[in-house]
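Going line by line, the protein sequences match chains A and B.
For reference, each letter of the first sequence is one residue, going 1 to 291 in this note's numbering.
For reference, each letter of the second sequence is one residue, going 1 to 291 in this note's numbering.
Mixed in with the good hints there might be a few duds.
Pairs count within a copy or across copies, as identical chains cannot be separated in the list.
[Said to hold, decoys possible] Below, simulated DMTMM-like cross-link-like pairs (lysine to aspartate or glutamate); rule was C-alpha separation at most 20 Å, straight line: (1) K13 to D161; (2) K164 to D26; (3) K255 to E9; (4) K175 to D26; (5) K242 to E259; (6) K13 to D90; (7) K229 to D130; (8) K164 to E264; (9) K242 to D91.
Simulated from the structure, these hints should not be mistaken for laboratory data.
There are 2 protein chains.
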Amino acid sequence: MDKARFYREEIGKALEGALPAPSPQDPQGLVAEAMRYSLLCGGKRVRPVLTLAFCELCGGEPLGALPFACAVEMVHTYSLIHDDMPCMDDDAMRRGRPTNHRVYGEAMALLAGDGLLTMAFETALGFSGDPQAALDGARLLAQCAGAKGMVGGQCIDLQSDGGKMSVELLQAMDKGKTVALIHAACGMGCIAAGAQEGQLLAAGRYAHGLGMAFQLRDDILDVEGSAEKLGKETGMDAARSKQNYVSLLGLEEAKRLVERYTQEAVRALEGFPGDKGFLRDFALGLASREN
Amino acid sequence: MDKARFYREEIGKALEGALPAPSPQDPQGLVAEAMRYSLLCGGKRVRPVLTLAFCELCGGEPLGALPFACAVEMVHTYSLIHDDMPCMDDDAMRRGRPTNHRVYGEAMALLAGDGLLTMAFETALGFSGDPQAALDGARLLAQCAGAKGMVGGQCIDLQSDGGKMSVELLQAMDKGKTVALIHAACGMGCIAAGAQEGQLLAAGRYAHGLGMAFQLRDDILDVEGSAEKLGKETGMDAARSKQNYVSLLGLEEAKRLVERYTQEAVRALEGFPGDKGFLRDFALGLASREN
Chain A
1 MDKARFYREE IGKALEGALP APSPQDPQGL VAEAMRYSLL CGGKRVRPVL
51 TLAFCELCGG EPLGALPFAC AVEMVHTYSL IHDDMPCMDD DAMRRGRPTN
101 HRVYGEAMAL LAGDGLLTMA FETALGFSGD PQAALDGARL LAQCAGAKGM
151 VGGQCIDLQS DGGKMSVELL QAMDKGKTVA LIHAACGMGC IAAGAQEGQL
201 LAAGRYAHGL GMAFQLRDDI LDVEGSAEKL GKETGMDAAR SKQNYVSLLG
251 LEEAKRLVER YTQEAVRALE GFPGDKGFLR DFALGLASRE N
Chain B
1 MDKARFYREE IGKALEGALP APSPQDPQGL VAEAMRYSLL CGGKRVRPVL
51 TLAFCELCGG EPLGALPFAC AVEMVHTYSL IHDDMPCMDD DAMRRGRPTN
101 HRVYGEAMAL LAGDGLLTMA FETALGFSGD PQAALDGARL LAQCAGAKGM
151 VGGQCIDLQS DGGKMSVELL QAMDKGKTVA LIHAACGMGC IAAGAQEGQL
201 LAAGRYAHGL GMAFQLRDDI LDVEGSAEKL GKETGMDAAR SKQNYVSLLG
251 LEEAKRLVER YTQEAVRALE GFPGDKGFLR DFALGLASRE N
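Okay, chain A solo, but in the shape it has when bound (with noise of 0.2 Å):
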């Protein structure tokens, strides 16, 4: 079996482990159901085997980092469901089937949101470890997640709906949106394994020459990509009036970018001493997907 397909299988175990169990005589079972339908519905899992991956660079156990690694996913599935939902992008479909709040109703996928965040946190502190490791991941994730963080991003977007935007509000935007959990994921692994402050700075410049190639690589497939191979509809953002690097650059600019980016990524890796293969090649694999 290749590592990647190794570890998306032990996270989805850990997942699975970490969610209340299904009971549907229990009065808080539906919000604990909404939660497992976001959270265990595949996906790619980039995050959180960037955690694995970054914990076993840094000559760490990688399954060690499995609370961390649950802990980025969660908030990613919970910023999915927040950002679906009818008063942000009212978005009908993800990851192939109809979204939360289409199944659960707009109120409780709030609280199935709210639930993820909050489980999160509570599942990066059952690291293991050093308690001083389960601190500062904790707290990495809640910066990279914040209204400095992922939240900004967020923001930015909303203001700039329909209207103008210039490359270096995408940019910003970008950062918050899509390098932030990412930067998140990779730093949290470099922490797990006991990493050095070089190191963290080394994956914090792989977070983001990757997250940035993968959110350029999400907008050429919003325009270029399949629908059924994506899960989700195409040619959204054009729909909505929203601009994105495409729009803005022009479809071989963005594809030249996605190239600069992952190069960047994998400059990044120079500085650690184990096997860079399969980071390099996770790297280059994104550049290149269909979904």
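Fit chain B to the supplied structure of chain A, relying on the hints for placement.
Chain B alone, transformed into the frame defined by chain A:
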């Protein structure tokens, strides 16, 4: 100055300091402004006052518990913002001012809540004493705020909307919606002071008594109170055909229960060696409050 006022002033300063500075030029500034709007609007600060008071009762320096106190208030405030949204209770007024989504719009209110919940954990993890205490405090907060605590209580509330409700289900709902976060507040104060397990359990009993009395008093004020004093509309449960203690048990029985639960809280203080006057009077004061 009395102790509660001193605590409240210190809490107000610490909350102000924890928020990102207002910066209208910053493209992420609006979500920070929306977070500030709801967090710094006064309010009774019941939960953070309890955190400082329990820290002091257990022999700790009360202001050392400020990161925990602020974290609990941030969680409380996020829950109010989300709870007021149109897909939940659709409330127009809160603490005498328009609700967050009435000022900033639904999408920004959603983000402001998400930002505050995330900042709560960042803030709690900034506790500067023993790292293990920082971990334990933040983990207790996550447990109490999540799907088995506050979010779980909200889930029961949603499902029972307009329908019949038993006293047992109402109690399960209020244990989640109200008691859980008060439990976190009291327990985090004990943890900040390095208290023993037995004191944590006693703090939990105090929180149960005070929290149930608090919720019952809320239901009574919804029937008997003045909208002017409360800063929000009254008669809302009846208007929404929501059942509460008063509709299920009658006004007299509800008042009797406030008394009983308040005594439960006061008795729970017996296990602590220090001066119990403040926390006893605090419970008695909440039981007869007019807002």
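Structure-based check of all given hints:
| no. | hint | in the structure |
| --- | --- | --- |
| 1 | K13 to D161 | neither (38 Å within a copy, 35 Å between copies) |
| 2 | K164 to D26 | between (49 Å within a copy, 17 Å between copies) |
| 3 | K255 to E9 | neither (31 Å within a copy, 55 Å between copies) |
| 4 | K175 to D26 | between (40 Å within a copy, 14 Å between copies) |
| 5 | K242 to E259 | neither (24 Å within a copy, 57 Å between copies) |
| 6 | K13 to D90 | neither (30 Å within a copy, 38 Å between copies) |
| 7 | K229 to D130 | neither (42 Å within a copy, 50 Å between copies) |
| 8 | K164 to E264 | neither (28 Å within a copy, 60 Å between copies) |
| 9 | K242 to D91 | within (14 Å within a copy, 31 Å between copies) |
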